[in-house]
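The chain contents come next:
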Amino acid sequence: MSLPLARRVRQLLSGESGLSEDAFTALYQSQLDRVFNYVRYRLGSGEAEDVTADIFERAWSRRESYDSGKGTPSTWLWAIARNLVTDRLRRRRLPQIELSTNLASDDEPFSALSQQEEWEQVRAAISRLSPVDQEIIALRFGAGYTNRSIATMVNLSEANVSQRLRRALHRVRNELQGVDVHE
Amino acid sequence: MSELSDREFNAWLEALERVETLPDTLAADDAADLALARRLLSLRTAPSPRLAARVEQITANSSAADAAPATASTRSHEGAPRRWRALAGAGIVASLVLMISLAFTPAGTWAQGMLQRFGVTFLPGATPQWSGGVPEITPTRSPVAFSHEREIQAAAEFPVHWPTDFPFDRESVTFLGFIAYTQDGAWIESLYGDEAYRYLEMQVFWKRRPGPWSVGDAQLESISVAGHDGLWGRGMPASFVAGARSALIREELDGTVTRVGNAEGASLDPINVLMWEDGEVLYMLVDPNQQYGLADLLQTAESAYIPLSGEK
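These protein sequence lines map, in sequence, to chains A and B.
For the first sequence, the residue numbers in my numbering are 1 to 183.
For the second sequence, the residue numbers in my numbering are 1001 to 1312.
Watch out, some of these pointers could steer you wrong.
[To be verified] Simulated coverage check for chain B against chain A, where a stretch passes if three residues somewhere in it have a Cβ under 8 Å from a Cβ of chain A:
hint, region
1, 1048-1058
2, 1223-1230
[Stated by the list, open to error] Taking CB as the label site, the calculated pair distances span:
hint, chain 1, residue 1, chain 2, residue 2, range
3, B, E1017, A, S30, 15 to 23 Å
4, B, T1021, A, G144, 15 to 23 Å
5, B, A1046, A, E21, 22 to 30 Å
6, B, S1042, A, D22, 19 to 27 Å
7, B, A1226, A, E21, 23 to 31 Å
8, B, S1172, A, E21, 16 to 24 Å
9, A, S30, B, S1005, 31 to 39 Å
10, A, S30, B, L1016, 18 to 26 Å
11, A, S45, B, P1023, 32 to 40 Å
12, A, R167, B, A1060, 18 to 26 Å
13, B, G1293, A, S74, 36 to 44 Å
14, A, S20, B, T1045, 24 to 32 Å
[What the hints assert, rightly or not] A few chain B residues facing chain A, derived, Cβ under 10 Å:
hint, residue
15, E1017
16, D1033
17, T1045
Think of the hints as simulated: they come from the structure by calculation, not from any bench.
Quantities reported herein were computed from a predicted structural model and do not represent experimental measurements.
In this text, a Cβ means the ideal position worked out from N, Cα and C, and glycines have one as well.
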């Protein structure tokens, strides 16, 4: 059985937890790249820097709520990051990106696209996946997490994550091939 | 047609960053998907020096602010979220205690009685987010704490009714309640404890703003429950704050998720769930053991449910 409620409440109220400034510094040094690329995959390049900064600002302002008994600092940070990204997605209610409209005037072959254009097309294709699959793609290819770690983060079995990831890749590829066909 | 198993495909994924070229022996589909994966990895970029400096500045600015004398308004501003977090944290802990007791020690409380009678957990207004656990964690105005049900009923902007068959005198127990106002609505949590603050019972109510139900990509069937729009799902993944027989998910307010009672990465036992809305309040009936079908849960829901209008 977990901590008795009263003890846990007292612990919460007394603030017997927290993250030191040094630990926070170590945290952002080790996680900045991962978090930034995760946000970029989820929200796009346009607001990735601002949202990444917001994540670390929120983490800093809540560092007293960190409890080492519940997990590592990076686990705690990633929970904040994923919550904030989810919050942003809900607020902006992403419009569907119509590939055929956006790319109709682009005569450049896909293989010759600039990295930025390629990135935008890949992002558009990923945005058509289910929210869970988008999250898995972002954690795998943006943050660089293994399927096992992702499974823990999204509450699915590792086998399920592997399966979803593979299908998601397949769907993204079909979307991108669809672009080629249009061109 | 793909030829690699998911396990083999994943092994190739893991190896992508170490392998220069993919072997010609791969099936065309597999090779193309892995090539895409490699492209996705290559599209990662380093954060700009400006972002790194901005993040470093966060600690520098805050350290300076911490050293300055706090004004009255600053203290007030910081006090409320801390208390809200603490109270909400207590609620989440209570949720966990409830789930654990339901899963492992079926005896005692009203909810456990329901479990014994029906094999189900009846949680009015349980969490509406399948993957989020608790609703938005950004309060839009100061949360309010209460020490009695009546105070919550008076303060809530929608009808709140508690079940009437608790196996204890509600007037003599310790009550802890709060309302947290969020972007998406209001979250009310009420906890009952004994003199030593040992958990007895919990009720959660969630009023959300109008909009589609957020249930991720779960497969749910539309259904009518007591004349209200509802959803029925059989064999749902128990990926929110809930317990299945051998696996419990605990989601903290800050989003930290831990598993209890099951090996990391193992599959979760699925659950059956029946949800319905009355006004903007979401009710949920959960069958953690998948022992009952839709008809059983419908009957239980319609017989135990107290409509917000007060009419049985």
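Verification of the supplied hints:
1. 1048-1058: With 8 residues close enough to chain A, the hint holds.
2. 1223-1230: violated (count 0)
3. B:E1017 to A:S30: 15 to 23 Å: Roughly 18 Å apart at Cβ, these two residues keep to the hinted range, so it holds.
4. B:T1021 to A:G144: 15 to 23 Å: At 21 Å between Cβs, range holds.
5. B:A1046 to A:E21: 22 to 30 Å: Holds, since A1046 of chain B and E21 of chain A (Cβ atoms, about 24 Å apart) stay within the stated range.
6. B:S1042 to A:D22: 19 to 27 Å: violated, 34 Å
7. B:A1226 to A:E21: 23 to 31 Å: violated, 54 Å
8. B:S1172 to A:E21: 16 to 24 Å: violated, 47 Å
9. A:S30 to B:S1005: 31 to 39 Å: Check passed, 34 Å falls within 31 to 39 Å.
10. A:S30 to B:L1016: 18 to 26 Å: With a Cβ separation near 22 Å, S30 of chain A and L1016 of chain B satisfy 18 to 26 Å, so the hint holds.
11. A:S45 to B:P1023: 32 to 40 Å: holds, 34 Å
12. A:R167 to B:A1060: 18 to 26 Å: At 45 Å between Cβs, range violated.
13. B:G1293 to A:S74: 36 to 44 Å: Roughly 43 Å apart at Cβ, these two residues keep to the hinted range, so it holds.
14. A:S20 to B:T1045: 24 to 32 Å: Roughly 30 Å apart at Cβ, these two residues keep to the hinted range, so it holds.
15. E1017: holds, 9 Å
16. D1033: holds, 5 Å
17. T1045: holds, 7 Å
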